[in-house]
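One line per chain: the protein sequences are A and G, in this order. Going by UniProt numbering, the first residue of the first sequence is number 1, and it counts up by one from there. Going by UniProt numbering, the first residue of the second sequence is number 1, and it counts up by one from there.
There could be a bad hint or two in this list.
No distinction is drawn between identical chains; accordingly, a pair holds when it is met within one copy or between any pair of copies.
In silico SDA-like links for lysine to any residue, alpha-carbon gap of 25 Å or less [to be verified]:
id : residue 1 : residue 2
1  : Lys164    : Lys899
2  : Lys888    : Thr471
3  : Lys887    : Ile165
4  : Lys730    : Ala809
5  : Lys453    : Gln142
6  : Lys187    : Thr471
7  : Lys164    : Gln885
8  : Lys887    : Glu562
9  : Lys759    : Glu566
10 : Lys218    : Ile912
11 : Lys166    : Leu656
12 : Lys227    : Gly279
13 : Lys916    : Pro198
14 : Lys302    : Thr734
15 : Lys880    : Thr445
16 : Lys176    : Lys446
17 : Lys828    : Lys844
18 : Lys880    : Thr471
If you're looking for bench data, these hints aren't it; they were derived computationally from the structure.
There are 2 protein chains.
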Amino acid sequence: MDHEGLHGLPIINNYLDGTQGGAVDSVSGMHFRDSKRKVDYVLAYHYRKRLAQHQHGASSPEPMNRAGSMTVVSNGETRKGRLKLQPDSGQHIPQELLGAQVIELGPLETLEEEKRLQREEYERNLVAAGLEIEKDAENKSQGLSFVRIHAPWQVLSREAELHKIKMPTKKMYEIKEEGGILKKLNKIWCKLTEPLQPQVPQENTKMKSLSYPFSREKIYLYNIRDKDTFFDNATRSRIVHEILKRTSTKARNSMGINTLIANNVYDAAYPLHDGEYEGQNDDMNERKLLYQEWARYGVFYKFQPIDLIRKYFGEKIGLYFAWLGLYTEFLIPSSVVGIFVFLYGCITIESDIPSKEMCDQRNAFTMCPLCDKFCDYWNLSSACATARASHLFDNPATVFFSIFMALWATMFLEQWKRLQMRLSYFWDLTGLEEEEEHPRPEYETKLLQKKLKNKNTTTEDPNEDEKDKLTWNDRIPGYAANCGLILFMIMLTFSAVFGVIVYRITTAAALSFSTHETTRSNVRVTVTATAVIINLVVILILDEIYGAVAKWLTEIEVPKTEKAFEERLILKAFLLKFVNSYAPIFYVAFFKGRFVGRPGHYVYVFDGYRMEECAPGGCLMELCIQLSIIMLGKQLIQNNLFEIGIPKLKKLFRKLKDGRTEPKEMNTNQSKDPQQWDLDYSLEPFTGLTPEYMEMIIQFGFVTLFVASFPLAPLFALLNNIIEVRLDAKKFVTELRRPDTVRAKDIGIWYNILSGIGKLSVIINAFVIAVTSDFIPRLMYQYAYSQNGTMHGFINHTLSYFNVSHLKAGTQPENSPFAQDVLFCRFKDYREPPWSPNQYEFSKQYWAVLSARLAFVILFQNLVMFLSVLVDWMIPDIPKDISEQIKKEKSVLVDFFLKEEHEKLKLIESFITRDKHKQKSGTKDQKSRAASFCQFDRSQKGSVASFSSQHTEV
Amino acid sequence: MDHEGLHGLPIINNYLDGTQGGAVDSVSGMHFRDSKRKVDYVLAYHYRKRLAQHQHGASSPEPMNRAGSMTVVSNGETRKGRLKLQPDSGQHIPQELLGAQVIELGPLETLEEEKRLQREEYERNLVAAGLEIEKDAENKSQGLSFVRIHAPWQVLSREAELHKIKMPTKKMYEIKEEGGILKKLNKIWCKLTEPLQPQVPQENTKMKSLSYPFSREKIYLYNIRDKDTFFDNATRSRIVHEILKRTSTKARNSMGINTLIANNVYDAAYPLHDGEYEGQNDDMNERKLLYQEWARYGVFYKFQPIDLIRKYFGEKIGLYFAWLGLYTEFLIPSSVVGIFVFLYGCITIESDIPSKEMCDQRNAFTMCPLCDKFCDYWNLSSACATARASHLFDNPATVFFSIFMALWATMFLEQWKRLQMRLSYFWDLTGLEEEEEHPRPEYETKLLQKKLKNKNTTTEDPNEDEKDKLTWNDRIPGYAANCGLILFMIMLTFSAVFGVIVYRITTAAALSFSTHETTRSNVRVTVTATAVIINLVVILILDEIYGAVAKWLTEIEVPKTEKAFEERLILKAFLLKFVNSYAPIFYVAFFKGRFVGRPGHYVYVFDGYRMEECAPGGCLMELCIQLSIIMLGKQLIQNNLFEIGIPKLKKLFRKLKDGRTEPKEMNTNQSKDPQQWDLDYSLEPFTGLTPEYMEMIIQFGFVTLFVASFPLAPLFALLNNIIEVRLDAKKFVTELRRPDTVRAKDIGIWYNILSGIGKLSVIINAFVIAVTSDFIPRLMYQYAYSQNGTMHGFINHTLSYFNVSHLKAGTQPENSPFAQDVLFCRFKDYREPPWSPNQYEFSKQYWAVLSARLAFVILFQNLVMFLSVLVDWMIPDIPKDISEQIKKEKSVLVDFFLKEEHEKLKLIESFITRDKHKQKSGTKDQKSRAASFCQFDRSQKGSVASFSSQHTEV
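Chain A extracted, bound-state conformation:
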């Protein structure tokens, strides 16, 4: 307002001048200098001036003038002046440019100059698009400068209409609540959970205002109290970001802010946070509210204020936290059931006959030696402890638990679909259509290169339309590299797993040579523990590498849009990380101990090393150890240490670096009273939700895939997630620049991955129970082979006989004290005894048990899949109340419309009838036009009248 008088041209808005002039009354640095116009977006760049022209050029008139054409503050009422300005400056600059290019410039300076010109053009275009801009004067030789952007009402309303942003109308309607018992239950639930609810000002939950895509023609529909606050901050910044994305600069034929950032023309572009999140002063902003009620460990027990999160960070991030919250809630019942299953194991351990039999000293099962030459025959009762431990996880309750978890996963996905639907109703996302995305800068660059190349080689091209997109041919190298490298990476993972196996085999062999008694007795524990830790370290290292590789691979694939980029990156990263995390576990579950051979005919690798066997308690025990250590280690180290530590280190590093490069200027100017944009600039940029989701998805895999072997997995996941939610929240609120708000209806490809894991978990659990655990052999024994229907004699039944005289020469135990007494040793397998005609062949029991195992797999898989489909089908994807609300909203909308239209038409009608009186004395030309105008209106009026009469009748 106060700048208007200055001969119609917008003036420079040098912020530093302002502060020196003492005119600072901006509320916490969120506004333009006039303290009225909100800063909706900030662009930051480093500038470096040509010393020859202006050393401290802030006061020289020439740059002032140019800056003047740039640092426009359009006040929203001098539109014509602004529009006139354009051709002026457009003609003005090229002349200057020509002049500037005469002066010789270094290559660095040329680059700087070019960037400056691009910035100028870009900002001019922004102003032309209706945005208002405020800029710091570049009064130093080099430094950081901010371009602050404000979107006036016209721009906001225009863009809101263009992007069909749904806005609340005047009309409110009641949300129908459940009746009867459900209502009461709901009330009780609300009462009970009241202390868990975050203390966030909530809108009326019983009423919802009808939303309708914003339309300037129907402006009377909306409840606009104040044009400055009608669109909330998130929407404002999204609108500005949309304009930034599509505004182009001709110079390099580039499109949008992303390209400019990629070309280093700008350093950063971000919307502002709502203010400080700490501080004692009373003025509450949303960020502070979020910090106090959500982003602290102290409030870990509370629900998340999802609506506020969505309002502040946008729908996409809101959906992530809603998903994470639902997942964490769903982990509670599964943890409880998991604990019960574990307790069942603990309680029944004393009554478990097989482990009792194993521990019974009277049953003297002389087992065949575990290694050649240096190992002795041993008594099975020495493995008593492992057998007992193994029962904790290998009992019938586990079968129940895996079915439970498979259904749990289905239920979780169904509930998520419902929650998603509910949210998209309350967040007005129903009917949101996908928008066309702009190509990524990298894609454009590649396309440009191709075009240039084509121009050079062939002047005429028969395929016109193949010019403007990358064809299969252009992509082949990228795809080939992708396939190759992904295969290589997977091979790398496998070799790492194999390396650890070799480590285990060789170390075990080496340690068994040892003469030290305690060493030898602890061989298994030592080897297993160290191997798992090596596995864990390898996984952690490869995980980081794979993250980078996946990104790089996706980049050389040059996907067209940001969305395609994200999807492909996720798929690749998921594939690599999945294989990496689970390969050792798969090995233990399904391969370890299955290729051992038999006494007298062992399988050897690397001349002389016997393949490793599982402990006598069964492979399930080892699987459990492997799974728990990898899962817990990964969570503790990767999620918490890395996530907390690395950002801190990064920050420290950046501070040190910044401090080194510009130590003086920083201190003199900005430390005094840092504005919000300064503060936000010092935060880390937001780089997407992929790592957050990935971490959770891999965890979901641990919880579901091998849950048969480790019922406590959900519990540990739950504990981790309670921290994780607050950790992520804290990161978003305090450590990151405010992300651009993105509208999203769903969590995209993650849902497919989750559902894929859910399906995979069914078959994997079926195999774990059937093949890895002893569940089926026990069942078979009890109902088919046992004499009296009890488990007595089971251990004896699972052990085959071996005639020690059949041991190959050189593999007999060397220093055995009772080698003379032993005629037969036992080993765990179903094979024909030495006295049978087909000695050591697989026995009939072997095949019978195998049949039972496989039959179990088929039964389990199909039963659980059928139940999942049933659950999926029984739970409707759209909650019934929501689907009713949506229908109701539609009918309310039609009624509301007709009412408003009717009133409007009445007004126009009276206006027209009065107008007609005048027109009788008007010119003929005007009359005819008015007539055509009115005719249209009349037909409308008529139809609406008949319509409304009908409606009132109904």
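With the hints as your guide, set chain G onto chain A.
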């Protein structure tokens, strides 16, 4: 027009009077008497007059007057007159009514009178809603009368806006074609298939006009040449139908035409066909075109004119025929592959070692007798023929074929999704939202009953909102009856199957007593053939019963909306018919011959009857016979005979009945020159697509579920469908009243059923191959047991030995000529020989083969499922060109909008500036209102101006 002068009131429009007056110039009976207004919809009813008042009352003034208030023809320009009419007639009739009720009436007459009043009220409401009506005079004591309805432009435009019907705008844009090789291939394909294309006038396929939901505010966008033809016939009739559905009559608080038809107030309501489909005259209408190019067997080789079908019958029926067409096309490759698989069987039959071994007379396998006492030992070589025939279907190619068919099913569903997407793009269905449906009449009646009951019992009800819907409590009886009856029906099916089994067992036993030699030798053939025919007859009968039962069950469930009704009906009918069709096949595939026991220890049912065995060739052969006879029989009898015969019979019956009741009047009046509505009334009403889909879905089951046993199934399905398409087409074009056009984006629940069958087929085929066929035993023999890796000795390996002395007393063959020579007989099973310690127990081979079978099931199921998922994932649901077109359409739309808006604003701007000059001399009051009006416009103008300037720059 010519009726206008008559004192402002609409006049009677007695059609018969018109014909007698010789003023008939209506074009083929499609228009009102003025030959201008098209008849968009027809309501038909039977009337019966009170004889006391008017015997041949056509000439008496009183009914004339009343009819006059009814048979309104509103001419679209006397609206005020019409609106005034309402209160008049509203007051008029009750008085009359009171008068009428004083005269004593019979109960039948009271009912007639009430119906007449309802009709009058309903028609009055239709006129109030803006429709125009023409009616025949009721000039007979009783007879058929038609109400013809015309929708004028105002109604059409209003409703089109309300229902967001997408209409083409002026803007055309080019559809981007594939470039390069694809384009050429496409051209060649078009050339090749040119004779197969129907000769239908096609719109420009390279250009598509941009569609946008119709809006009267934006009327300038659309290309309206003639308001009478802008909306096509299908759209017009849909709009009228919508109004008919929502117009209510207060009298019985009932809603819409469906309730009225349900209450017999009207007989029928239908839109008119476009004219005659036969006849030599040149005027081509769409119905005739459809008949000539689509609905004749002569054009069976041509593609379907899907766009025309959709235009004529609406989207829902269009989608059905598109689906049927795609399915039929997809059957072609599978038939070809099926034939090749069959041929492979034929060719390799000579080189198949097992069947050769079986036929070899030198291998004297003495088999155990097939029945007790009366059957003799027999030589395996006598079953040579079956063994050879069995090889036709039981060979490795079948395994390949089942994998192929599983993938084929996935591919088909994927392609259908794509085609659906493509159609919904070209048919402008993208973004179509579900509309709220009106409750069904039955639901409303039930609700009314409940309300009345509640009023009687309790005056106060705590749950307000439970009043206006049916709660769980109200529904329990319905649901219980459903569950019970469905279970009963399924049991019925099972008992029918069991009955046929019993028939087979007993007849076989009875026939084997026979002394006649040829009878005994043909026992198996006779029994099998007759049993299958009985099965088929039972299936056909139960199918009809189940269709009726499903409908009845759904009705007692009282679903709220028509859509819910349809879905539940489909699910129930599908479940019942599926079980009915497949139960005998399942029995043969998985149960027959598996509970026989072994020689000396047979399983007996009904004291003394041995369980039936499969033929020596294996169960697959019997499965094949069962499948092919049921499939072919069902198709031939049900689909063709029933579908062609029953409608003809119905028609004949109706004609006879009509001829009996009103023989005189019919002949005198209507046979002269039947109008289109008369002709259409004589057709069958359209009753939904459910039977058509059901038939095809059951066929799809035959093609996929057991395809492993019958590779020729797709071929027979193909042959059937080629006829089926034309049969259905003929039915729709010539035998049915024109159906209401219904918009639909997809085929709804049928897709889910199809996909469910696809998934089920994987597991069923896995079991058929593993368990029913001899594929796995052969493989096992070749690679595990055979001495030299060939199949020689396989037959011997599959036969176990039995010591005839172990046969129970009384079961030995009575009249055996060589009973003395036989020591051991053989039977097909893997059991220990008599000389083993565990004689007749399952042998190790049995368990090994069983393991292999089960492993195959797991492998097959997971492999095929994985491949299906892969195919699903690889083929995008939305064809790439369509998704690009949709995006392009959006951007074209925005550009087009801005351009039009710009032009419009220019006009308004000039209008306003001129207006301002005047306003300076106007009154103050007007000035302020105009100012507010203009202010709004100015802000709009400004923003658009800046917008467009930006756009031109870009």
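Verification of the supplied hints:
For the homomeric pair Lys164 and Lys899, the shortest alpha-carbon distances inside one copy (22 Å) and between copies (18 Å) are both at most 25 Å. Within a single copy, Lys888 and Thr471 get their C-alpha atoms only as close as 48 Å, which misses the 25 Å cut-off; across copies the closest is 19 Å, which meets it. In this homomeric assembly, Lys887 and Ile165 come within 25 Å of each other (Cα to Cα) both inside a single copy, at 20 Å, and across copies, at 18 Å. When the C-alpha separation of Lys730 and Ala809 is checked against a cutoff of 25 Å, the pair qualifies neither within a copy, at 67 Å, nor between copies, at 87 Å.
Taking the shortest Cα distances, Lys453 and Gln142 never come within 25 Å of each other, neither inside one copy (38 Å) nor across copies (86 Å). When the C-alpha separation of Lys187 and Thr471 is checked against a cutoff of 25 Å, the pair qualifies only between copies, where the shortest distance is 21 Å, while the shortest distance within a copy is 60 Å. Both within a single protomer and between protomers do Lys164 and Gln885 lie at most 25 Å apart by alpha-carbon distance, with minima of 21 Å and 20 Å respectively. For the homomeric pair Lys887 and Glu562, the shortest alpha-carbon distance between copies (16 Å) is at most 25 Å, but the shortest distance inside one copy (34 Å) is not.
Proximity of Lys759 and Glu566 under a CA criterion of 25 Å is satisfied intra-copy only: 24 Å inside one chain copy versus 31 Å between copies. For a Cα distance limit of 25 Å, the shortest separation of Lys218 from Ile912 qualifies both inside one copy, at 20 Å, and across copies, at 20 Å. With identical chains, the CA atoms of Lys166 and Leu656 are never at most 25 Å apart, being 46 Å at best within one copy and 62 Å at best between copies. Taking CA atoms no more than 25 Å apart as the test, Lys227 paired with Gly279 passes in neither setting, with 30 Å inside one copy and 68 Å between copies.
Taking the shortest Cα distances, Lys916 and Pro198 never come within 25 Å of each other, neither inside one copy (61 Å) nor across copies (57 Å). When the C-alpha separation of Lys302 and Thr734 is checked against a cutoff of 25 Å, the pair qualifies only within one copy, where the shortest distance is 19 Å, while the shortest distance between copies is 68 Å. Proximity of Lys880 to Thr445 under the C-alpha cut-off of 25 Å is restricted to the inter-copy arrangement: shortest distance 23 Å between copies versus 49 Å within a copy. With identical chains, the CA atoms of Lys176 and Lys446 are at most 25 Å apart between copies only, with a shortest distance of 23 Å across copies and 54 Å within one.
Taking the shortest Cα distances, Lys828 and Lys844 sit within 25 Å of each other both inside one copy (15 Å) and across copies (20 Å). Within a single copy, Lys880 and Thr471 get their C-alpha atoms only as close as 46 Å, which misses the 25 Å cut-off; across copies the closest is 14 Å, which meets it.
The structure shown violates the earlier hints numbered 4, 5, 11, 12 and 13.
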